[in-house]
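Chains as they are written, first to last, in our numbering: chain A, 1 to 269; chain B, 1001 to 1270.
Keep in mind the hints are simulated off the structure, nothing from the lab.
Idealized CB from N, CA, C, for every residue including glycine.
Be careful, since some hints might not be right.
Looking from chain A toward chain B, a few residues come up when the C-beta cut is under 8 Å (computed) [what the hints assert, rightly or not]:
{"#": "1", "residue": "Gln-127"}
{"#": "2", "residue": "Glu-129"}
{"#": "3", "residue": "Gly-159"}
{"#": "4", "residue": "Gln-168"}
{"#": "5", "residue": "Ala-171"}
{"#": "6", "residue": "Arg-173"}
{"#": "7", "residue": "Tyr-175"}
{"#": "8", "residue": "Met-177"}
{"#": "9", "residue": "Ile-186"}
{"#": "10", "residue": "Gln-190"}
{"#": "11", "residue": "Val-266"}
{"#": "12", "residue": "Arg-267"}
Between beta-carbon pairs, the in silico distance windows are [unchecked claim]:
{"#": "13", "chain 1": "A", "residue 1": "Met-260", "chain 2": "B", "residue 2": "Pro-1249", "range": "48 to 58 Å"}
{"#": "14", "chain 1": "B", "residue 1": "Ala-1157", "chain 2": "A", "residue 2": "Ile-254", "range": "33 to 43 Å"}
{"#": "15", "chain 1": "A", "residue 1": "Ile-254", "chain 2": "B", "residue 2": "Gly-1203", "range": "45 to 55 Å"}
{"#": "16", "chain 1": "B", "residue 1": "Ser-1168", "chain 2": "A", "residue 2": "Met-260", "range": "52 to 62 Å"}
{"#": "17", "chain 1": "A", "residue 1": "Val-266", "chain 2": "B", "residue 2": "Gly-1203", "range": "26 to 36 Å"}
{"#": "18", "chain 1": "A", "residue 1": "Ile-254", "chain 2": "B", "residue 2": "Asp-1211", "range": "29 to 39 Å"}
{"#": "19", "chain 1": "B", "residue 1": "Gly-1203", "chain 2": "A", "residue 2": "Pro-197", "range": "30 to 40 Å"}
{"#": "20", "chain 1": "A", "residue 1": "Arg-178", "chain 2": "B", "residue 2": "Pro-1088", "range": "41 to 51 Å"}
{"#": "21", "chain 1": "A", "residue 1": "Trp-86", "chain 2": "B", "residue 2": "Pro-1088", "range": "18 to 28 Å"}
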Amino acid sequence: MSIPITSLAEFAARSAWLQPHRILLMAVAAALVISAALFMRWDWLPNYYGLALQGIWRTIWILVVTCVLGIMLAVPLGLAQAAGPWWLAMPANAFCTVIRGTPLLLQLWLLYYGLGSLFPQFPWIRQSELWPYLRQAWPYAVLSLTISFAAYEGEVMRGAFAGVPRGQLEAARAYGMRPFTIFRRIWLPQALHRALPTLAGETVLQLKCTPLVATITVVDIYAVASRVRQDTFIVYEPLLLLALIYLIISGVIIFLFRKMEARIPVRLG
Amino acid sequence: MSGAAASTADRPAADEAAEAIHIENLHKKFGALHVLKGVSVSARDGEVVAIIGGSGSGKSTLLRCINCLENPTSGIIRVNGEEIRLKPDGHGGAVPADRRQIERIRTRLGMVFQSFNLWSHMTLLENVIEVPVHVLGIRRAEAVATAERLLERVGLADKRDVYPAFMSGGQQQRGAIARALAIQPRVMLFDEPTSALDPELVGEVLKVIADLAKEGRTMVLVTHEMKFARQVATHVVYLYNGQVEEEGPPEQLFGDPRSERLKQFLRNVH
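Required output: the full structure, derived from the provided sequences and hints.
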């Protein structure tokens, strides 16, 4: 009785993955999902389907826009602290310290209720082209989330810039590279690559900061779940679905960052 | 400079070839530390100048002053007859007066570092074409062709798509030599190219350098490998405590050293 080597190897690989505790966990998970589907109330779902999709879309674009703008601010903030003259390093450091040292909710409200109530007092602002935007809530949401991300990532980038080996920058200098070329070709790419694992975690954190925008009337996916609760008095089902949606978005973020990290292989030890 | 004056006349074929590197009365201070105390060294086209000396003698600093990786405190540096314009930095030292000039001069000097300093976010091939493409403005296809030839030469053709972290020290250093050659430098500068290598990897790097010397490339080489310096150098400079203690052809310096300090140095390293 002989079993082909390949199927043996396959079986070994599969059995290594399919261990008893994993099978048990998967069974538990499946049981949870099935019981949730069977025993909980999901009849409200069709009524809020469109609103939920809009909310998901709004959560995602706020996340993407604030992360992109934030990192663009974080690069100069980090560079100023890592290599800038004191008159640039000090304000950058102060900015990061103040923003990181106060709650995001407070910043959001200061901007929305503070600036938002200050602006209408100036006729020239009310008459300007920007007014149609400034009277809405989302610009304040985007602004405060961007500032917050910039401050945290400014600190991350400071370390990342400082961690690039001096010798590699010196080599670039020794071959006649101009300072900006060195920054663009050597320093920034290496700093970003070093920062990627941290940035992945920070982006997931940023995702979980986005529900705060619901407090200033921006209808993201969290606001939709609250709406369902208020309308129908159904509490757990919308929250469970909300958790699942955030989990999926987090998974996608982590997957994308892994892809980016893998572009340059790293040897440990 | 005790023994320096006497030996200048010994240099063979000195006057016909143009001076590639000319250093005159170079001083370098790091704060209170006076590292170079009036050093004059020159390398003519086709010469291989080896700079030897104990640790702390200033030999690496001297090499790094040639392309202004260290700014000299005072003195004259000429590369292919072009003097690097310096201006006072306001703290008693000097800095290059014209950034464009020093960047242009640096593209004629192929520097090889003790710690290789390959760019770790690029493959070996990308390392080699980086400066030709992004500094010298050479077309990518052309730069790749040149780079492949150079990698072939240093025996790393099969490593073109490998990242530096996955190469041995000897391979990294040979790659770094290919990177320096890719800018088609007038002079190669070697800063202790084998000091960071495991003993069994030193040979492969020295062989590449010896090949370059054989084809008549102008080189300035700071090294601890006395036997190697004796084989490849056409002129040897012994630095002691920031000054040229003795210089001359290798046979004389290693065979019949005049200075007492050099004799002792050679006894200690052999």
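These are the hints, each one checked on the structure:
About 48 Å separates the beta-carbon of Gln-127(A) from the nearest beta-carbon of chain B, more than 8 Å, and the hint is not met. Hint status for Glu-129(A): violated, given a least beta-carbon distance of 41 Å to chain B, over 8 Å. Interface restraint check: Gly-159(A) against chain B, minimum CB-CB distance 17 Å, threshold 8 Å, status violated. Taking 8 Å as the C-beta cut-off, the interface hint given for Gln-168(A) holds, the closest approach to chain B being about 5 Å.
Of the supplied interface hints, the one on Ala-171(A) holds, with its beta-carbon coming within about 4 Å of a beta-carbon of chain B, less than 8 Å. Interface hint at Arg-173(A): satisfied, since its Cβ lies 7 Å from the closest Cβ of chain B, which is below the 8 Å cut-off. Nearest Cβ of chain B to the Cβ of Tyr-175(A): about 4 Å, under the 8 Å cut. The hint holds. Interface restraint check: Met-177(A) against chain B, minimum CB-CB distance 6 Å, threshold 8 Å, status holds.
Hint status for Ile-186(A): holds, given a least beta-carbon distance of 6 Å to chain B, under 8 Å. The restraint placing Gln-190(A) at the interface with chain B holds, with a minimum CB-CB distance near 5 Å, inside the 8 Å limit. Given hint, Val-266(A) at the interface with chain B, holds; its Cβ is 7 Å from that chain's nearest Cβ, closer than 8 Å. Nearest Cβ of chain B to the Cβ of Arg-267(A): about 4 Å, under the 8 Å cut. The hint holds.
Taking 48 to 58 Å as the suggested C-beta distance range, the pair Met-260(A) and Pro-1249(B) conforms, at roughly 56 Å. Ala-1157(B) and Ile-254(A) have their C-beta atoms about 38 Å apart, which keeps the hinted 33 to 43 Å range intact. A C-beta distance of roughly 46 Å is found between Ile-254(A) and Gly-1203(B), which places it inside the suggested range of 45 to 55 Å. For Ser-1168(B) paired with Met-260(A), a C-beta distance near 28 Å fails the hint of 52 to 62 Å.
A hinted range of 26 to 36 Å for the beta carbons of Val-266(A) and Gly-1203(B) is consistent with their spacing of about 30 Å. At roughly 49 Å, the beta carbons of Ile-254(A) and Asp-1211(B) sit outside the given window of 29 to 39 Å. For the hinted restraint 30 to 40 Å between Gly-1203(B) and Pro-197(A), the CB-CB distance of approximately 39 Å keeps it satisfied. Between Arg-178(A) and Pro-1088(B), the C-beta spacing of about 23 Å breaks the proposed range 41 to 51 Å.
Trp-86(A) and Pro-1088(B) have their C-beta atoms about 23 Å apart, which keeps the hinted 18 to 28 Å range intact.
Comparing the model with each numbered hint stated earlier shows that hints 1, 2, 3, 16, 18 and 20 do not hold.
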